[in-house]
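Peer 1: Below, each chain spelled out in residue letters.
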Amino acid sequence: EPEVTQTPSHQVTQMGQEVILRCVPISNHLYFYWYRQILGQKVEFLVSFYNNEISEKSEIFDDQFSVERPDGSNFTLKIRSTKLEDSAMYFCASSPPPDGNQPQHFGDGTRLSIL
Amino acid sequence: RKEVEQDPGPFNVPEGATVAFNCTYSNSASQSFFWYRQDCRKEPKLLMSVYSSGNEDGRFTAQLNRASQYISLLIRDSKLSDSATYLCVVNRNDYKLSFGAGTTVTVRA
Numbered sequence: 002e003p004e005v006t007q008t009p010s011h012q013v014t015q016m017g018q019e020v021i022l023r024c025v026p027i028s029n030h031l032y033f034y035w036y037r038q039i040l041g042q043k044v045e046f047l048v049s050f051y052n053n054e055i056s057e058k059s060e061i062f063d064d065q066f067s068v069e070r071p072d073g074s075n076f077t078l079k080i081r082s083t084k085l086e087d088s089a090m091y092f093c094a095s096s097p098p099p100d101g102n103q104p105q106h107f108g109d110g111t112r113l114s115i116l
Numbered sequence: 377r378k379e380v381e382q383d384p385g386p387f388n389v390p391e392g393a394t395v396a397f398n399c400t401y402s403n404s405a406s407q408s409f410f411w412y413r414q415d416c417r418k419e420p421k422l423l424m425s426v427y428s429s430g431n432e433d434g435r436f437t438a439q440l441n442r443a444s445q446y447i448s449l450l451i452r453d454s455k456l457s458d459s460a461t462y463l464c465v466v467n468r469n470d471y472k473l474s475f476g477a478g479t480t481v482t483v484r485a
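Keeping their order, the protein sequence lines are chains S and V. Residue numbering for the first sequence follows my numbering, starting at 2 and increasing by one per position. Residue numbering for the second sequence follows my numbering, starting at 377 and increasing by one per position.
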């Protein structure tokens, strides 16, 4: 069964540094998402991406965050200047056409630790 | 009011038992509904979509009540492997999922 893959599985970064989290969505999916889950808390939506642009973003997704689909397969989340409170599990997800109502399939996440 | 609310549990049940729990959602414009399961420190995995007519997938039965804005999940003949956190997830048709905080189920031998 096709999977969403994420790299790295664990990223440790100094506060203030930039970090890029990578995702390869399922190949025939058209909708891409990033979520985060702080330890012990619920999964929170960050951003959705369709047709090479952001469809929706949450209040968490401020100017420090950006997303990109640099080629036909990768989908990245960049945090420009990390803060301690950015420490969380970051999940990438994708869903198939025809619309944004289809079930989303999650990657196994990147654990981001900010020191 | 939270977008999606769930009873956190935990529900501790013996193998073979039936366990059921609900979640409520606040936005009446919500379009699609799902149950995901999440094991400790792992990614959410789709368990089943939830349809207005109710649907069943093996030992799992989901119901949606749009009038009262709640969704239920029933697990029959519980297995040890059913131990997990069950996430109620709602999509408002704006390309994002709203997650409940999860209901913890522990099945004991």
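Don't read these hints as lab results, they were simulated from the structure. Just so you know, even glycine gets a beta-carbon here, dropped at the ideal spot from N, CA and C. Careful: at least some of the hints might be erroneous.
Said to hold, decoys possible - Which residues of chain V face chain S? A partial, calculated answer using Cβ under 7 angstroms:
| no. | residue |
| --- | --- |
| 1 | Arg377 |
| 2 | Glu419 |
| 3 | Pro420 |
| 4 | Leu422 |
Peer 1: All hints are to be evaluated individually against the structure, with a verdict given for each.
Peer 2: Tested hints:
1. The interface hint given for Arg377 (chain V) is broken, as the beta carbon of that residue sits about 15 angstroms from the closest beta carbon of chain S, more than 7 angstroms.
2. The beta carbon of Glu419 (chain V) comes within 4 angstroms of a beta carbon in chain S, closer than 7 angstroms, and the hint placing it at the interface holds.
3. Residue-level restraint check for Pro420 (chain V) holds (minimum Cβ-Cβ distance to chain S is 5 angstroms; threshold 7 angstroms).
4. Using the Cβ-Cβ criterion of 7 angstroms, the hint placing Leu422 (chain V) at the interface with chain S is satisfied: the shortest such distance is roughly 5 angstroms.
Checked against the numbered hints given earlier, the structure breaks only hint 1 and satisfies all the rest.
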